[in-house]
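All chains should be modelled from the sequences, with the hints used to inform the complete structure.
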Amino acid sequence: MKECRRCREAIEVALPKRAFAAHVRAHLSRCASCRAFYAERSALTALLRELPRVEAPKDFELRLRAGLVARPRTPPPRLFDPATVLASLAILSVATALLLHVRWAAGEQTVATRQIEEQRAPILFEDPVALIRTTETRVAKHKRQSVRAKATSRRPEIVAEDFAVKIAPAVETMDEPLVAHALETKLLNKAGEVQIVRIEPVSFGDEAALKIVSAEPRTEQ
Amino acid sequence: MSALSSIEDLLVAVSQSFDAATDHRLLEATRAGDEAAFAELVRRYRHPITNYVYRLTNDYDLAVDIAQETFVRVYGALARYHTDYAFSTYIYRIATNLAISELRRRKRRKLVSLTSIFRSAQKGDEPLEIDPADSRPLPDATLIAAERQRAVARAIATLPEKYRVPLILRDLEERGYEEIAAILRVSEGTVKSRISRARALLRSKLRAHL
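Chains A and B, in that order, give the protein sequences.
Counting in the numbering used here, the first sequence runs from 1 upward without gaps.
Counting in the numbering used here, the second sequence runs from 1 upward without gaps.
Note that these hints are calculated values from the structure, not bench results.
Each statement offered as a hint is correct.
Subject to a maximum C-alpha distance of 27 Å in a straight line, what follows is the list of computed DSSO-like cross-link-like pairs (lysine-lysine):
#, chain 1, residue 1, chain 2, residue 2
1, B, LYS162, A, LYS17
2, B, LYS107, B, LYS162
3, B, LYS162, B, LYS205
4, B, LYS192, A, LYS2
5, B, LYS205, A, LYS17
6, A, LYS17, B, LYS192
7, B, LYS205, B, LYS107
8, A, LYS17, A, LYS2
Written out as structure tokens, the structure is:
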């Protein structure tokens, strides 16, 4: 049976040509079933080859020429084409301006952070989303949402294993994993007070960051 | 493989590599602005591409339109063409994609069009599976052959697209498995299994003619 399967595979691969390896021919000479398979497949491919080949019409090139005139070829971009150089310069200017703006924003936040540190004031994020974008804020990791939770569309259980808000030094990392079922989670500030920060998951994938909706903390009573 | 097969394969390989090399030279010349070089490429591929698309769509006018569009696309994308693989692979891939897109568009349209029910199987989008018995007088051998060819064409056209395309490329266009895999962007193993399945389906459809 294994030999028959190999023989049939070889026939399928070789067709529409009919030149087979010696072991295939040897098998065909002693196996009636495979001979029948070969005869059937040969008849089928012969039937397909009976189909007449159609040709393109005589005015094919003429029509094509008209089509090409209607839609001319886009020339390849030249390296020192004035338009290309101008476009590159424009892109470069925009990129530089963006970079400078981001750095300026980061600098502003650093000043704000220092002030918080000095005053040991409660954490106050004026624009939490902007803080996240500066990449200085690492909020939390959470586990993949369980299949059951997905099925029931419940809010996923958020497990913060590495909770740290680096932009606000007044808050320390908690050593133990912190479980939060709600959109609020607890943080310790340097004074040892428990504070509550509202968070919202952005994505339910592994390692997804959490988006701070309102990072304005309040001290737990 | 037998000696005969090896020689045949070698000749085919030599011929294909020669064609590929000259195709690439023609493309380079076209890029440099030589219109005659592009005309030569068109002369080389217009009939094979038209025939290929015709077998895919079973509609001659549509096949010619798609073949035209294929060359327009090739010409428009000359700057982006890389000589990593044969030009024939590139042009067959474009033609395949255009034909499949058109067939799918027509199929979607057909789903909401009641008038398609009354269209002729020859001229319609995809031929209907219904093949009523012919009550005309017994025709001569030529007519029998013509009828058989129509039946084969109809049977091919009713194959699912994923089986039809590799079958036509292999059994009608005689493309190698490696090239078919490159045209369809699937593995050679997938090509082999699809062709095998296509032949089995076709055999069941054409039992009366085998």
